[in-house]
Amino acid sequence: MAGPAQGSNDAKKAAVNESKNGEQPLAPEKKPAAQLEEDDEFEDFPVEDWTEEETQIPSGNTHLWEESWDDDDTNEDFAVQLREELKKLGK
Amino acid sequence: MQSALESFHEAYASGLAQPVAAFLSPIAPINASNRLYDFARASSDDKIEGDVRYALKYNKTTRMTNKECGAWVDIIVCYWRAVKEIIKADKAADQSRTGDRQYLAIYDAWKDLTSSFIKHISGGLLPAWAIFTLYFTANHLRKIAIKTDEQLAKSKPAVLNTGYSDDIASTTPQNQKLEEAARVFNRIFALCLGDRNQDMSESRKWGVYCIANLQFKTYFKLKAISLSKNVVRSIEAQPDLPSFELYPRAHRVTYRYYTGVLAFLQEDYAKAEQSLQGAWESCWSRSQQNKSLILTYLIPCRLITQHKVPTAGLLAEAPRLQRIFGPLVACIKRGDLTGFDKALADGEPEFVRRRIFLTLERSRDIALRNLLRKVYLAGGFDDLKEGQTEKDRIRKSRIPLAHFVAALRMGISGAGSGQALEDEEVECLLANQIYKGLMKGYISREHAMVVLNKKGAFPGTGV
Chain A
1 MAGPAQGSND AKKAAVNESK NGEQPLAPEK KPAAQLEEDD EFEDFPVEDW
51 TEEETQIPSG NTHLWEESWD DDDTNEDFAV QLREELKKLG K
Chain B
1001 MQSALESFHE AYASGLAQPV AAFLSPIAPI NASNRLYDFA RASSDDKIEG
1051 DVRYALKYNK TTRMTNKECG AWVDIIVCYW RAVKEIIKAD KAADQSRTGD
1101 RQYLAIYDAW KDLTSSFIKH ISGGLLPAWA IFTLYFTANH LRKIAIKTDE
1151 QLAKSKPAVL NTGYSDDIAS TTPQNQKLEE AARVFNRIFA LCLGDRNQDM
1201 SESRKWGVYC IANLQFKTYF KLKAISLSKN VVRSIEAQPD LPSFELYPRA
1251 HRVTYRYYTG VLAFLQEDYA KAEQSLQGAW ESCWSRSQQN KSLILTYLIP
1301 CRLITQHKVP TAGLLAEAPR LQRIFGPLVA CIKRGDLTGF DKALADGEPE
1351 FVRRRIFLTL ERSRDIALRN LLRKVYLAGG FDDLKEGQTE KDRIRKSRIP
1401 LAHFVAALRM GISGAGSGQA LEDEEVECLL ANQIYKGLMK GYISREHAMV
1451 VLNKKGAFPG TGV
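These protein sequence lines are chains A and B, in that order.
Start counting the first sequence at 1; every next residue gets the next number (the working numbering).
Start counting the second sequence at 1001; every next residue gets the next number (the working numbering).
Just so you know, the hints here were simulated from the structure itself, not pulled from any lab data.
Treat the hints with care, since some could be wrong.
Mimicking DSS-like on lysine-lysine, the simulated pairs with C-alpha atoms at most 27 Å apart in a straight line are [what the hints assert, rightly or not]:
1) B:Lys-1396 <-> A:Lys-88
2) B:Lys-1308 <-> B:Lys-1271
3) B:Lys-1436 <-> A:Lys-87
4) B:Lys-1154 <-> B:Lys-1221
5) B:Lys-1396 <-> B:Lys-1342
6) B:Lys-1271 <-> B:Lys-1342
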């Protein structure tokens, strides 16, 4: 009886080890989350004033915003899918 | 002392606030890391006042009245005392035994310096530009206060708290020094706003916005954001301020950012958008941190006001923006409700912390609108009648409710959540969309049909 119990314990340990190993690569990703607290404040600008050329405007405000829907997103596929779905419902 | 004050004389001769503020800095310049040490060593407690007075009075380059000279003596002596405390703390840190005492001593000395500045400016003894030097000094006070509070919180972990009732969150002892500093900033603000000098070129009114910004930063840090409204109200009630556009951009952009966020938190999205857009346009293009903070509020704002989303190019401005908004925006565009809910849940801690969760939650309506719109587009067109051409084609405006139900279920079953969705629930969602003006039409319950407006079923979306 001791044999199998031992075995399953070993298996558990192995599983634990494995999950630990699996988690390790994630560790560095956690760091930025902790640092987030720091970057909440609006920084003091290092200079008092600047020219219009140094603002956001010269880079142009076009193409910064777009409509919220996407008609290129293969409407046909959706229509086909929808029809399939309606068939399934038997309607 | 004469040589230690050489850089003060140079700075003073420039007639500018910043060089003098640089002289009165608690941090040694990078290229002269010993400056604070040398300055502290140049005199001693009992001689400092006489030394500074002598050095200022008998300097040939700097001309100032006796009264002004006295004011600067006061200020520089205060500064010397603060530097001495900084050096003491530095030495303690070298022996790794810094404690509350050192922090408190620096804070108190720096507060004395700030108060002395206020006293002499309000006495009219200093040149007009000195108000900006005071701003820099006060900004240092803010940072020192924050550090001191952090140190105090570390050594006395909230034991004192028991005496307070639970609901007074803003008066927790952890922020004692910053709260004290906030009162100092109030005095400076009043000093700027209430200046009666008719000569605008000499007015302290030019300091109004930068001090207001200092107050905003302090109140946000103290989590007493609503106090900022008093500042805004005072400014708006002041009839004789110089035109906003005449202030330096650093003041304007920061002020617009904070007033934008304030309006955002009060759900006045139109006003928030205007302020934030102004801040964005004038922001210094190299200030990545500030640009992404502005966008953090402008993006949710614009989703509500104009139903617009940022382009990939705009999100690429900062990796943080892509991480925060990327998944959500993609789901909105696809009309993917399950994905939207997941992205919202995944980002919840950060959204809540940045106070944008509730606003983003509202944009689920846009994701739903986009899904319903897809159903409408998938329905195709009515057959052409006699004499009609391709141009006259009209989309089918009567759509069985079942189509919408099926579309909504597709998303849900795809996720394998096993969630059931009742027909009535879908009807309710549609009715809400119609009520909110996102969709035009009505539901015919009798025929289980949705009848959409032939001219613009989904206003503003081209169909």
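Now for the hints, and whether the structure bears them out:
no., hint, verdict
1, B:Lys-1396 <-> A:Lys-88, "holds (23 Å)"
2, B:Lys-1308 <-> B:Lys-1271, "holds (17 Å)"
3, B:Lys-1436 <-> A:Lys-87, "violated (32 Å)"
4, B:Lys-1154 <-> B:Lys-1221, "holds (17 Å)"
5, B:Lys-1396 <-> B:Lys-1342, "violated (33 Å)"
6, B:Lys-1271 <-> B:Lys-1342, "violated (30 Å)"
Violation of the numbered hints given earlier is confined to hints 3, 5, 6; the remaining hints are satisfied by the structure.
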